[in-house]
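Chains as they are written, first to last, in this note's numbering: chain A, 1 to 315; chain B, 1001 to 1346.
No lab work stands behind these hints: they were computed from the structure.
Fair warning: this is a prediction, and the values are worked out from it, not measured in the lab.
Don't take each hint at face value.
As the list claims (entries may be wrong) - Footprint (simulated), chain B over chain A, 3 or more residues, beta carbon under 8 Å:
| id | stretch |
| --- | --- |
| 1 | 164-173 |
| 2 | 182-194 |
| 3 | 242-256 |
| 4 | 267-280 |
Stated by the list, open to error - So the derived list for chain A, only partly shown, Cβ under 7 Å to chain B, looks like this:
| id | residue |
| --- | --- |
| 5 | R78 |
| 6 | P154 |
| 7 | Q262 |
Even glycine gets a Cβ: it sits at the ideal position worked out from N, Cα and C.
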Amino acid sequence: MHVSTKRLASSRFAFPGASDKEIRILKRNALIDRAFERSTQAFALAVLLLLGAILVSLCVSSWDTLSAHAVDFLTGDRWAANMEMFGALPAIYGTLVTSLIAVAIAVPVSFGIAIFLTEKCPEILRRPLGITVELLAGIPSIIYGMWGVEMLAPFLNHIFPDLFPAGSGLATAGLVLAIMIIPFITAISRDVMLTVPPITRESAYGLGCTTWEVVRGVIFPTVRHGMMGGVVLGLGRALGETMAVTFVIGNNLFFHPTITGQGTSIAALIANQFPEADGAQRSALLALGLVLFLITFAVLATARYMLNRIERRAA
Amino acid sequence: MLKTSCSALLAGVLALHGIQASAQETMTGAGATFPYPVYSQWADDYQDAKGIGLNYQAIGSGGGIKQITAKTVTFGASDAPLKKDELDEHGLMQWPMIMGGVVPVLNLPGTEKNSLKLDGETLADIYAGKITHWDDAAIADLNPDVDLPDTAITPVYRAEGSGTNFLFTHYLSQVNDEFADTIGEGKSVAWPAGVGAKANAGVAKQVAETEGAIGYVEFAYAKQNDLDHIRLRNHDGEYVEPSSDSFKAAAANADWSNAPGFYLVLTDQVGADSWPITGASFILMHKQVEDPAAAKRVLEFFDWAYANGGDAANELDYVPMPENVADQVRDSWGDIEGPQGESIWP
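Extracted from the complex, chain B is given alone in its bound form (with noise of 0.2 Å):
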């Protein structure tokens, strides 16, 4: 009896063991949840190329960011970049590894469907509630085509904290300084005015149910679902429509090279085919690593995104980041350094 029992205890610990073993061979993140969908499409296809996994937790970006702090991850993800000298407190570095965008979508009968021209301005003074009506001079100026009716109009926004929210509310505050004043840009803001709904399937209900509604959502929820969008009046004045060129014409355009730490919003960037709403999803990493053979792992995976994973992103409407800004990523890997300053890249 004995026996038999010490032996099941044993074979316990030895399977236990195994686990381990194999665990090791597992990657492991944590952090925003807008890029989860794209991880883990090419966390399986890793798995079937290389045979190691990725073990990727989606717990909101606050989350990540407090995860790699306090080192019980390899990686951390956060879809807003942090600034210098966060990352310098903690030892940390970070990268843009995908990108997306945030699309205004609206309801108005008697428009034709993506019709309606905007810009920054006139969206931010929507959203603080000073124009309240969709015949409004502002917005009659900027479609001298369109019959605009006298429809009230109802802002519908995110009403938790979100990485949309940031990115949305960072573009308003840069186009309008008033906006920046009394709103301001963050992932949870005080709307003056309409309605807050919960995630991008709340936003996109509220505004087809409500007559006069605007809201905004992530490209690939109005692609997918086929939303009536605005078209964005750009940096350099052009009227833009959101697709995977504009966001990449936004990301290429940008000056990533002078942006310190890779802290970089592409929110308003310049160029003519630049949609003004684009951000980066970011990777966060120790510059000096406890783990070397882990965070080598883990580089290895997301070098291998750059150059593998761009269809799988593109069939999943998010947008790879330009080639030019992956090769500066992969630079700036030889920071990484192992517990006696050696090199981890290549």
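One chain only, chain A, in its complex shape (with noise of 0.2 Å):
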């Protein structure tokens, strides 16, 4: 009782002039304000924290590889698990490869369709045009699988026998990825264009510019920081793919340094192998998992390293 009095006594000074009841609402409303604001930190927490743990448990669960033979690990040429030799060689450069053609073959495509949705569609077929790509995006990643084995191998197959034997490798896997990844890289990269303000872009018109003066002066210089987020977040997609990649890369656990030849990657050798695996293979996959979750780490770090780059330039 004293306490509260007390207490009471001091609020009073807080909130001058204000009755108890007035107080007392007031308190309240300060309370609910500060239970909220810690509840969504410890949300923002949490992902911090659960990042955190997945690093830790993926370290302890592959440390009898990583410490045992972590130099053989990154620059074996192998997979050999029945020989328990265990090299991530081909799977990380089948990996980037396949990232890499995707991201270039996707990036230009996808600018084009974004730039051509803002710029130039006719008004009656923006809106079809619009869904149909996010509908792209909505596409489960097994069918696009299932559409590279069926359709796209035998028919790289049958146009360049020479460079696809089989029609399934590393730069079919490649294409299959950069039709995933355009929905993204467009429907971002539309929604960034719309952004720029319709007084600046007329501006540029009425100057007379042409359509690609203005994409080129006017709407990439205002939306690079958007549109780079479009490409980070393909790219990322494209790292870890799985179904699709599994089912059109080859899974050839060599290395070869190819570009239309069979090859594996991290996610498609992980998908194989898993289920079976035990010991000292299970451990090398999850070494392996940890690698993968390291290069998207340095994918993104880097992207966004060079856009403050550019933008420190630009200022």
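Using the hints, build the complex out of the two chains.
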């Protein structure tokens, strides 16, 4: 009783001229406010905690492999589980090559679609085309995989029998990935291009700029940041894509410095071997998962760094 | 209100109890996926005949070994047999239950169906990426009367870990020392050349679509889809067709009595009619069981399957174990003991 009067008195100091009832309401509101703030903070921290926990558990469970032969693991040219030779090079190479092929194809196409949709598209077509692109983004990856193995691989084999003797390979996987990430990059690029104020755009047209000049000189510099974000998101998806890639990559576990030949990617290798793996093989596959984690992290960090440098140079 | 909820709870508990009581009349097992169709067919027939059901989880050979070691199931099943010391380590015993074979298939337009002949040595060189074209001298020597095209060879293999991989690589390692040293046997191996496809269906599809491809699938799969297969030269130098008879010949000619713990992979067996890539799928049980009644139920089921399961197996294109092998297995069951050391069989 004594304490509460004292607290009430000090509150009265904080809210001069307020009645006891008002003070109580104000205090309750302040409490709710603080609780809300704390809980949002907790959610945000939980993400960090989760990320750390995943990283730590991957490190712990792959420790056997990493501590025993970390160098062989990164440079070994084959993944032969039966001989306990776990070389991640073929999988790392395959992951990077397929993702780079995918981005190299997807970026120009996506930007092209986005520019057409925002600058040139007749009003009637704009909505249906936009919705189609968004629908493409919603197709499950297994369907792209089936399409790749049923249609694309035989087609490539038919057109270029010397380059694609079996249809499948790193380039085939890269093509499937490109089609998978085009809708992502397109949707984000279109959305950020639409944020360019019409007045800026129309001023440029009014000065006699061509569409290309408007896009290059006005739109790109304004929304560079957002478009880069779309590309990074697409790249992230390409690096980790599993099902579709497993179908068409050829699953060869030897390192071959090839673009069109068969290979494997980290995600495909894990998907193929994890269910039946135990002991050293399981530990090595978990180490492979850690490598994928780090590659994705490095790609995101590099993209952000490059972006910051461009921004600084522009400023 | 309280009364009704109490009685509902009681009814629920009683119902659960009923389920547990009937669960005692089922057998539990887990493991290999390859024999799953025939085991479940046997289980259906056995349920009709004796009223005892089987709960078999086809989780893969590795999972089956884990489950039986942890004693969560009465029996485990594995496509690859365990070695004697591995069995002893966990107090397990094993026996062969059903057989199948692996058949190399190909897609080579211009040659007559099922006419191409190969030996193990050449097959291993093809899969090691050393023979790259169909008109290679090594293949031409084996097929003097076939006009071979100069098509490039695309070896197709199983991408995921599988018992089929184990049998195939075990055979190639037996007949080609270099293959054994560089690639070796195992459930998942690294192939230097060619394309990895998923499951039998994936391999068959890739072979069908790729001119010049060679692959390997389980016999049941090759037969049901009428694929163009290779005639292999066996240990006795004869070229044999893959068939139930040639698999049975391999099993019958095998020396089971000198194989401790029935550790025998039936590849490259002697006998003029033996198909060289034959393998059995194995059952694993503890030598000292905690629940003798459950163990006896399982043994009775397998006894019944040896005696009556042949037709069902043949219909599904599996190969039942020959009678003499089944008898040796039944004899070995005498080693299974209950908690007090009492014999369970017969």
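Cut-off 7 Å, beta-carbon criterion: hint that A:Q262 touches chain B
holds (5 Å)
Hint check: is the beta carbon of A:R78 less than 7 Å from a beta carbon of chain B?
This interface hint holds because 5 Å falls under the 7 Å limit.
Are there three or more residues in the stretch 242-256 of chain A whose C-beta lies closer than 8 Å to some C-beta of chain B?
holds (count 7)
Count the residues of the stretch 267-280 of chain A whose CB lies closer than 8 Å to any CB of chain B, then report whether that count reaches three.
holds (count 6)
At a Cβ distance under 8 Å, does chain B reach at least three residues of the stretch 182-194 of chain A?
With 0 residues closer than 8 Å to chain B, the stretch 182-194 of chain A misses the three-residue bar; violated.
Classify the hint on A:P154 as holds or violated, based on whether any CB of chain B lies nearer than 7 Å to its CB.
Holds, because the Cβ-Cβ distance from A:P154 to chain B comes to roughly 6 Å (cut-off 7 Å).
Tell me if chain B covers the stretch 164-173 of chain A under the three-residue, 8 Å CB rule, please?
holds (count 4)
The earlier numbered hint that this structure contradicts is number 2, and it is the only one.
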